[in-house]
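> These protein sequence lines map, in sequence, to chains A and B. Here the first sequence stands for residues 852 to 1204, numbered as in our numbering. Here the second sequence stands for residues 217 to 570, numbered as in our numbering.
Keep in mind the hints are simulated off the structure, nothing from the lab. Misleading hints may appear alongside valid ones.
[Said to hold, decoys possible] Listed below are the simulated DMTMM-like cross-link pairs for lysine to aspartate or glutamate, each with C-alpha atoms no more than 25 Å apart in a straight line:
no., chain 1, residue 1, chain 2, residue 2
1, B, K544, A, D984
2, B, K544, A, E1167
3, A, K1135, A, D1096
4, B, K544, A, E1093
5, B, K487, B, D411
6, A, K962, A, D984
7, A, K979, A, E1093
8, A, K979, B, D411
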Amino acid sequence: MSRKILSQWRLLLIPVVITFMALVPFDWFLGQYKYLGTVIGLSTIVTVGLCLFMGYTGQVSLGQAAFYGIGMYFSAVLSSVHGLNPWLAMLIAACVTGLVALLLGIILRLKGNYLAMATLAVGFVVWKIAVIDDMGCTGGPDGIRGIPYLSIGSFEFDSQFKRYYLVWGFCLAILLISQSIVNSRIGRALRAVHGSEEAAESLGINVFRFKLKIFVVSAVYASIAGSLFAHHQLHASPGYFEPIDSVYLVIMAVIGGLASIWGAIFGAGAVEILRNEILIHYDKWNMVILGLILMVILILMPEGLFVALKTGYQQEGVFFIPRRIWRLARSLYSGIKGFHRRKIAGSLQGEPD
Amino acid sequence: MTWEQFQQYIVIGIQDGSIYALIGLGFTIIYAVTNIINFAQGEFVMLGGMCSYMLVDSVDVPTTPTVIIALLCAAAIGALIHLLWSRQTSRLMLSSMVVLLLGSIPLVLFLYGEFASMEMPVGIASFLPILMVAAVGFIMYLLGIQTARRPTTVGLIIITIGAALVIRGIAGVIWGDKMHRTPLYWEQRTIDVLDATVHTQVLWILATMVIVAILLQLFLSRTMLGKSLKACAHNPIGAGLMGINPKMMALIAFALAAAVGGAIGAVMTPKVGMTYESGFLYGLYGFVAASLGGFRSPIGAVIGGFLLGIGRALIIGVDWWLFNSDYKDVWPMVILVVILLLRSNILAEEERLG
Chain A
852 MSRKILSQWR LLLIPVVITF MALVPFDWFL GQYKYLGTVI GLSTIVTVGL CLFMGYTGQV
912 SLGQAAFYGI GMYFSAVLSS VHGLNPWLAM LIAACVTGLV ALLLGIILRL KGNYLAMATL
972 AVGFVVWKIA VIDDMGCTGG PDGIRGIPYL SIGSFEFDSQ FKRYYLVWGF CLAILLISQS
1032 IVNSRIGRAL RAVHGSEEAA ESLGINVFRF KLKIFVVSAV YASIAGSLFA HHQLHASPGY
1092 FEPIDSVYLV IMAVIGGLAS IWGAIFGAGA VEILRNEILI HYDKWNMVIL GLILMVILIL
1152 MPEGLFVALK TGYQQEGVFF IPRRIWRLAR SLYSGIKGFH RRKIAGSLQG EPD
Chain B
217 MTWEQFQQYI VIGIQDGSIY ALIGLGFTII YAVTNIINFA QGEFVMLGGM CSYMLVDSVD
277 VPTTPTVIIA LLCAAAIGAL IHLLWSRQTS RLMLSSMVVL LLGSIPLVLF LYGEFASMEM
337 PVGIASFLPI LMVAAVGFIM YLLGIQTARR PTTVGLIIIT IGAALVIRGI AGVIWGDKMH
397 RTPLYWEQRT IDVLDATVHT QVLWILATMV IVAILLQLFL SRTMLGKSLK ACAHNPIGAG
457 LMGINPKMMA LIAFALAAAV GGAIGAVMTP KVGMTYESGF LYGLYGFVAA SLGGFRSPIG
517 AVIGGFLLGI GRALIIGVDW WLFNSDYKDV WPMVILVVIL LLRSNILAEE ERLG
């Protein structure tokens, strides 16, 4: 029953969402949020890559911002200092980032904890090298200015309005590509790797090669987002990809649901809106709140907020949230009454009554 | 680099090495018992420093006797916990209440001090943070790790990252952006050893490291609780069959690691200062130290810490090609990745066996 409703809703939902997104930059609608919308689009692109790598393949990356940074700097340096065509610069940046990811791919032999630390270290090193600026090409902490806008023929993406559509065009393309990756043989192989690497290996899947492929793909996504950002902000500096930004990207992927392509928009949107519009008034509390969100989501619904909401809706219909809160409160209450053997933390997921 | 300079860099290396060694120890304790890498370990260090700052805020008289009293207090509390452990009834409840109480004492004292403008000697002020931070580690495990549903390695990593963000953010809210220092423990600033000038606080840092390492070693090898902890690290299921509660052990491991972090944080603050963001880098270095020592051995972590500290100081000293002070933070990370890769087969095997 609810499934049927869902499919009916979905038919209506998709055009509504697309129209909404398309109307955002108009001044009579949500014009003042053009910039925010663009940032969300960029974050979505990186998050989709991270979802592929973390959610579908079951790996972990705390250094994704490094690839964003590499893409950003290559675009910036090639197009501003060397005067290359921005599109060509972007392509070269993506290729270089892919190559870097391919070389770094050796760290994919590590798992879990160690992979997390190794990627964190890589992210830190890339950021630090950009700050140190030994070769004199990254401009140190101040970064690079004088980057041209992207343009097609004589049509230049010189206004916020145009760039919003540019970024979301890229974003949509990347979402669709990722969707088809996930639904293809590769996607199934990835899920097998996530389930059990040994089992996948025994089915004739070259586990390392698949992990490497998806690592490179996610790095290239991040690089594209970085390049777009460079031509959007006209500025590239280490401040845009600090190690902590990788953590924020992980938060986006987690909120969106790790194994969910379209959830990435939701996650990126939620975090960017929180960071740029709401938490900006609360100074350092933003870290606390984002950290709490991250913890609560992973404790109660490790599959991600977006996915949890979706399955909850599918299972119990529209009012599933109050029902589950009620059940959680009740189980907590009974947990406090009999502290010892009973399960203390009830769940938003809930057991059948 | 002359011989005098070399000695000076070695002193710096010993100072940093002791710090990294203790942070690495914290990693090892938690990792050995729970197989979790605690990304909040660096934040424990930061909290230790910040709490000690909070406690001495308006004080300028450091005295040695208070330090001794503080150590006696520590022994008494250790004995108390040990006593509680040997009782069979609902140890979890009891010990959690004890630690929470102990953690709240400094807070009450602090509030009292705020209202009555009480002055707290720096000795006590650098001991109490240990308890406060231990309480934080304790709460973090109870609320964050133990409640996790269907925990996976990746999920637990992200939970500890979330906890790190929360701790860092709260520290930022309370203590602001400024770098805080506490007064030195001794009035004399420096002494001369051979040709090098040694900051007296470095001696304290080294002494703390040695004392904590010895106490930890004694705890692990001589007490029943410590042995249970070790048993749990070797084989949680087998330990469970012997009547040891692995969750309880994990809880103790978190509190212990936090206490170790808090201790070094409090002692190093007079020398290096502390901002709310310092924790991240110290955590990374502690992890490098632990990885140099093979993750599971406390002694290995100490040796790794000293290797890292002295190596890093010498990189600053050498100042040749890419080995200069700009790259002092880069090389340890490169070495970390290389070590992880070299050990990847062993690590994978360990992970598989759990």
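> Against this structure, judge whether each hint is valid.
Tested hints:
The suggested pairing of K544(B) with D984(A) holds, with an alpha-carbon distance near 14 Å, which does not exceed 25 Å. For the proposed pair K544(B) and E1167(A), the alpha carbon gap of about 56 Å is over 25 Å, so the pair is violated. As the CA atoms of K1135(A) and D1096(A) are separated by approximately 15 Å, the hinted pair is consistent with the 25 Å bound. Distance check on the hinted pair: K544(B) and E1093(A) sit about 18 Å apart at the alpha-carbon level, within 25 Å; holds.
Restraint check for K487(B) and D411(B): the C-alpha separation of about 21 Å stays at or below 25 Å, so the hint holds. A C-alpha spacing of about 32 Å is found between K962(A) and D984(A), which places the hinted pair above 25 Å, so the restraint is violated. Between K979(A) and E1093(A) the alpha-carbon distance is near 9 Å, which keeps this suggested pair within the 25 Å criterion. Under the criterion of a C-alpha separation no larger than 25 Å, the hint pairing K979(A) with D411(B) is inconsistent with the structure, at around 34 Å.
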